[in-house]
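Asker: On the provided structure of chain G, position chain X as indicated by the hints.
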Amino acid sequence: MTIVDTRTPDPKRFIPGATGDWEVVIGMEVHAQVTSKSKLFSGASTEFGKAPNANVSLVDAAMPGMLPVINEECVKQAVRTGLGLKAQINKRSIFDRKNYFYPDLPQGYQISQFKDPIVGEGKIVISVGPDRKGEFEDIEIGIERLHLEQDAGKSMHDQHPTMSYVDLNRSGVALMEIVSKPDLRSSDEAKAYLTKLRTILRYLGTCDGNMDEGSMRADVNVSVRKPGGDFGTRCEIKNVNSIRFVGQSIEYEARRQIAILEEGGSIDQETRLFDPGKGETRSMRSKEDAHDYRYFPDPDLLPLEFDDAFIEELAAHLPELPDDKKARLIETVGLSVYDASILVSDKAIADYFERAAKGRDGKLVANWVINDLLGALNKAGQSIEETPVSPDQLGGIVDLIKAEVISGKIAKDLFEIVWNEGGDPAAIVEERGMKQVTDTGAIEKAVDEIIAANPDQVEKAKAKPSLAGWFVGQVMKATGGKANPQAVNALVKAKLGLED
Amino acid sequence: MSVDIATVKRVARLSRLAVSDEDAQRMVGELNVILGFVEQLDEVDVSGVEPMTSVIAMDMKKRADVVTDGDKAADIVANAPASEEGFFLVPKVVE
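Protein sequences, first through last, are from chains G and X. At the far end of the first sequence sits residue 499, using numbering that gives the first Met the number 0, and the numbering has no gaps. At the far end of the second sequence sits residue 94, using numbering that gives the first Met the number 0, and the numbering has no gaps.
So here's chain G without its partners, still in its complex pose (with noise of 0.2 Å):
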C-alpha cells in the first residue's frame, strides 16, 4: 500500500524538541461492536455481562464439525456503517482466517476479511478546537476500510495463582473494524477522531460506543518525522479503551520515539500497550510470532455478496447523520455553528432537543437545552438520558416566555421548581401566581410609588439617564419580578422625561 500524505504540516501541532520541531503521524484501527442480538456466525446472544460461558454456543467454542452461517443483519450494520463514513460499498467481499494461538481464540484463527473487506475508502470529517479566537477547524481525515470479523473471549489472569479463567461469551460476536488512514497529526485530532466515529455509530445504531464495557477499542499507529518529512517507523498501541487514554498515549509514545531519535537511536517497529496507571506505554513481549497470520480464505464461507438493491434499500432508511443534522440546525432553524455543534455532538441531546423545539422558536429552545439544561445535568453529574425535565416540559417553560406569561428571570426559577418538583410548568406558574404583570395600570402605579419615595434619585436621573435602571430594578422588586421588564423599562423613562 502506498501511503498519501493528505496533510500540510501545521506548525501549530509540532512538537518541540532538543533538535527542533517534530510531526506526530497517528492512524488508528477501531473495533466497534455491531449492534445485533445474536453473534456474527452463530445464535448465541451477545448481551453483556451474562455468566461465565452462558452466552456461548458449540460454534463459538469451535467444537469439531460446527460450521459458521452468517448473521445477515451484521451484514447490513456494517453496510449502514459504510454508507454513513460515505464510504465505497464492496458487493463482494471475502471471509479469511487469521491464524493465531491464544486461549480466548478456541478455533485457532479469528474469522475476518482480509484482502477483500466490505467496504473501502471513505472519510469523517473532525472539528478541532475552539483555538484561541473560538474558531473551529473542520478536518477531513480518510478511512481506509471496514471490515467484519469475530471477536475472540476473554482471559483473566488474576483470579487464581497459577491459571488464567476464560469466558467465551464475547467470542464470536461481530466486531467492525474501521482503519483510518495515517491523516492526524495530533493527539486532540485523534480524540476528536474517534468522538466523531462514535457519534456516527451512536446515530446510525451500528455499535452503542460504550468503552467501558468494551463495545469500542482503538489501536492506535504513532510515528514522528521532522515535519513533511518521511514517515518514520511506527508503534501500534493495543487495545486502548478510553478517548481520554488515547490522548494520553499518543502524547506519552511521541515523546518517547523523539527521545530515542534525538539521541541517535532508531525506532524498533513493535507492538506495545498503555498502562493507564503509569501514563506510559510499554513493549508487549513476544512479540516475534505476533505478525505472521498466515491468512488464508476460509473454506467454511462463501464470498458474500449482495447487489445494488440491497444497498440502495439500506441507504433509504438510514438516518440523519450528525453533518447533516448540524446543517439543517444552522440552515433552516438558525442556530449559530456553535450551538448546532453543541447539539448534535451527541444523538440523545440532538434528540431532546428536536423533540423541545418542534413547533417552537429553535433558537431560544437550543439557548435553554445549552446553557440551562446541560449545565444543570453537567453541575449534577447526570446525562441527558437521566434528565428530571422532560423536552416536553421544556418546551412548556419557553412557550409561557414567548407567550409573556412570564419573565425570563421568572423562568429560571420556573425551571428550578420543574427541575426539582417536576409537573406541568403552566400549571406551577398559574398555582404559585408566577405570571408576569403585564397590566399597565398596576406597573404604573408601582412606578408612580418609586418616583415619589425617592426625589433625589429622580433629579439624579435627569442628569444621568443610565440611572433609570435602578428604577426598573426597583420596580421589578417590589412586583416581586412578575412586571414584565420592557413595559417597566419603558414607563419609567416616560415618567422620568427620559427619551430612549
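Since the hints were made in silico from the structure, they are not lab data. Do not take every clue at face value.
Among chain X residues calculated to face chain G with C-beta under 7 Å, some are [to be verified]: (1) SER53; (2) MET59; (3) ASP68; (4) ASP70; (5) PHE86.
In silico BS3-like links for lysine-lysine, alpha-carbon gap of 27 Å or less [what the hints assert, rightly or not]: (6) G:LYS75 with G:LYS132; (7) G:LYS132 with X:LYS60; (8) X:LYS61 with G:LYS36; (9) G:LYS97 with X:LYS91.
By construction, the Cβ of each residue, glycine as well, lies at the ideal position given by its N, Cα and C atoms.
Answerer: Coordinates of chain X only, in the frame set by chain G:
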C-alpha cells in the same frame, strides 16, 4: 519455492506442534515434494480466472438475527481438563 528446516520448525511453533529435529528433517523433504507438485500446477496460466469458491454456483446462506443458542455453560466446559464456576481454566498466560 522450497522450505528449509528453520521454516518447518517455525510453522510448527506457530501451530504449537512439538516437532523433534529428526521429524522436522523428514518433513523438510515431504513438504518440498508437495511444494514441487504445486509448482507444477503453477505452469497453468490462470491469469484472469477467479478462484473457485464453490463447485456449483450458490449464494452464502444467511441467518436472521435471532438468539437461538446458548445457556449451556456446563456443556461448553464439559470436556475441559480444568474448569471452575463455568470458566475454562488454562495455565496462566499473561503478557
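Asker: Hint by hint, note whether the structure agrees.
Answerer: Hint check results:
no.	hint	result
1	SER53	holds (6 Å)
2	MET59	holds (4 Å)
3	ASP68	holds (4 Å)
4	ASP70	holds (6 Å)
5	PHE86	holds (4 Å)
6	G:LYS75 with G:LYS132	violated (43 Å)
7	G:LYS132 with X:LYS60	violated (57 Å)
8	X:LYS61 with G:LYS36	holds (15 Å)
9	G:LYS97 with X:LYS91	holds (23 Å)
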